[in-house]
Amino acid sequence: MAVISTSGLARTFQTRSGPVQAVRGIDLTVQAGEILGFLGPNGAGKTTTLRMLTTLLAPTGGAATVAGCDLVRDPAGVRQKTGYVAQSGGVDPSISVREELVTQGRLYRLSKAEAEARAEELARELDLTELLERKCAALSGGQRRRLDIAMGLAHRPAVLFLDEPTTGLDPGSRSDLWDLVRLIRAQWGTTVFLTTHYLDEADALSDRLVIVDQGRIVADGTPIALKRRYAGSPDATLQDTFLAITGRGVTPQDATPVAV
Amino acid sequence: MTTFLADTALVFGRYARQTLRSKIQILFGALMPVLYLLLYGPLLTGMPLASRGSSWQVLVPGLLLQLGLFGAAFCGFAIIIEKQHGVVERMRVTPVSRLALLLGRVLRDAALFVFQAVLVILVALAMGLRAPLFGIVLGFAFVAAMAVSLASLSYSLAMRVSTPQSFGPLVNAVNMPAMLLSGLMLPMSLAPGWLNVLSHLMPFRYLVDAVRAAFVGDYGGSTMLYGVLVAAALLAVSVTTGTRLFRKAEA
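From first to last, the protein sequence lines stand for chains E and D. Take 1 as the starting number for the first sequence in UniProt numbering and just add one per residue. Take 1 as the starting number for the second sequence in UniProt numbering and just add one per residue.
Careful: at least some of the hints might be erroneous.
BS3-like cross-link-like pairs, simulated, lysine-lysine; straight-line CA separation at most 25 angstroms [stated by the list, open to error]:
1. K81/E with K112/E
2. K81/E with K248/D
3. K23/D with K135/E
4. K248/D with K83/D
5. K83/D with K135/E
6. K23/D with K83/D
7. K81/E with K83/D
8. K112/E with K135/E
The following label-pair restraints were derived from C-beta to C-beta distances [unchecked claim]:
9. R248/E with R244/D: 31 to 41 angstroms
10. A138/E with L20/D: 48 to 58 angstroms
11. A233/D with D70/E: 52 to 62 angstroms
12. S233/E with G13/D: 56 to 66 angstroms
13. T2/D with F13/E: 31 to 41 angstroms
14. A117/E with I81/D: 27 to 37 angstroms
15. A138/E with G13/D: 37 to 47 angstroms
16. L180/D with P171/E: 54 to 64 angstroms
17. K112/E with P48/D: 18 to 28 angstroms
18. P171/E with A233/D: 51 to 61 angstroms
For the record, the hints were derived by calculation from the structure and aren't laboratory data. Since this is a predicted model, take the numbers as computed values, not measurements. By construction, the Cβ of each residue, glycine as well, lies at the ideal position given by its N, Cα and C atoms.
Starting from the given sequences, assemble the full structure and let the hints guide the process.
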């Protein structure tokens, strides 16, 4: 069953130098329980697509349904059924972990008792129990990221959008976070829509990869299928595959700037 | 409607708890008007500033609204910091309406400024202010209206500004002429004709005049009527504009 379905999804920005088509028509289907890696060079349109699917940005063309709700006609429904973990996180450093988790549940219309119970449950599952009374400012990078993800799961969403979840984390914390993403899918059947600059991460986590470039999908398949098709061998690296598909790297350092 | 009120209360509670944790912020906001009372108020004692009432009944209403003007107009700073932490974006992907997200915040601000206004009144009473209780309560209502209006506009402006460095000068550029033209310190009726006429273009003048009227017990005159009408119009325009900009702006 598809939980995300888009047809010709597009976004054009009006700028002083004229219209810029950031996303030029994305046709995409994501199945329930799937971990989808959404990749692209800088300026490819992946962040714009993510922002549209999370209702932060209105599309200027096409249609989409997310978790059974129409993106344009029922954005509140989409918000109720999805979780979003932004790259910048989203917790207030001056507030305790418990208060942030409970308030997050309440913002998703859980009763106070439900939100408190859910905060305890998430803290247990995501190894945050010892940190519940601590101020968010006092958490390490890895702990903060676990809290960000717990916040995204407060209302048991059908789909969890993760935007660059491991940026800035040390290798150990990254590995822990990968385990956590796998756990989320295994434990709750949550569909995970993941954007990342780390190709090893996308390779290790994703059931399927969608690669966008210049606002369009240029490749779609399992990591092995893409490697075989574009790099000639299932044992090729995703880096080689990505270069073969887009002609450039994925990281900000080696990406060719594209106006978006 | 029930959901909207519950959401607004939830957002209000979150920010109210945040404020209560910062006792310095609560007290510091009242410091400037209190300093005016202590160090500037005595200079005006006995001066014929208005046709009715003492100099305190002229100065204190101006200081109350100064709380709103200088406090609420700068509320947007907080949202710029929240944007940097991703808090605004996180809240904007919840099912809570944009209006509730905005109102919860501005009602917290209004509550804070009314509390600070109470502190200012207590000091002013000790300094020699004598005014009817109902007039003082009306003054608080005007402070709340001004706080809600200016905080709404401040938040929506801050949603479109990326750094505190660009936000501060922008607000100051509006606030300074607003303070001078609204007659917060001295009634504009004392001004030369051209300045008095110019000040009628500044909506806050009507609010200050109305609070001054309330402080001398004049509740039924045209000054109060204009004050109430301007406050209502200001509220409607600023909350509507604020919500619209808040909805459109990208976090």
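Starting from K83/D, check that the Cα of K135/E is at most 25 angstroms away, please. holds, 19 angstroms
K81/E paired with K83/D [C-alpha distance capped at 25 angstroms]: holds, 23 angstroms
Is the distance from the Cβ of A138/E to the Cβ of L20/D consistent with 48 to 58 angstroms? Since A138/E and L20/D have Cβ atoms about 20 angstroms apart, the given range 48 to 58 angstroms is violated.
Between the beta carbons of A138/E and G13/D, is the distance compatible with 37 to 47 angstroms? violated, 23 angstroms
For T2/D and F13/E, compare the CB-CB distance with the range 31 to 41 angstroms and indicate the outcome. holds, 38 angstroms
Are the Cα atoms of K248/D and K83/D separated by 25 angstroms or less? holds, 15 angstroms
Return holds or violated for the Cβ distance of K112/E and P48/D against the range 18 to 28 angstroms. violated, 58 angstroms
CA of K81/E to CA of K248/D, is that 25 angstroms or under? Holds - the C-alpha atoms of K248/D and K81/E are around 22 angstroms apart, at most 25 angstroms.
Taking the CB of P171/E and the CB of A233/D, does the distance hold inside 51 to 61 angstroms? holds, 59 angstroms
So if I understand the rule, the pair passes when the alpha-carbon distance is 25 angstroms or less; does K81/E with K112/E pass? Holds: K81/E and K112/E sit about 19 angstroms apart, inside 25 angstroms.
Please check whether S233/E and G13/D have a Cβ separation lying inside 56 to 66 angstroms. holds, 58 angstroms
I want to verify a distance hint. Is the separation of the beta carbons of L180/D and P171/E within 54 to 64 angstroms? Roughly 59 angstroms apart at Cβ, these two residues keep to the hinted range, so it holds.
Taken one by one, the earlier hints fail for this structure at numbers 10, 11, 15 and 17, listed in ascending order.
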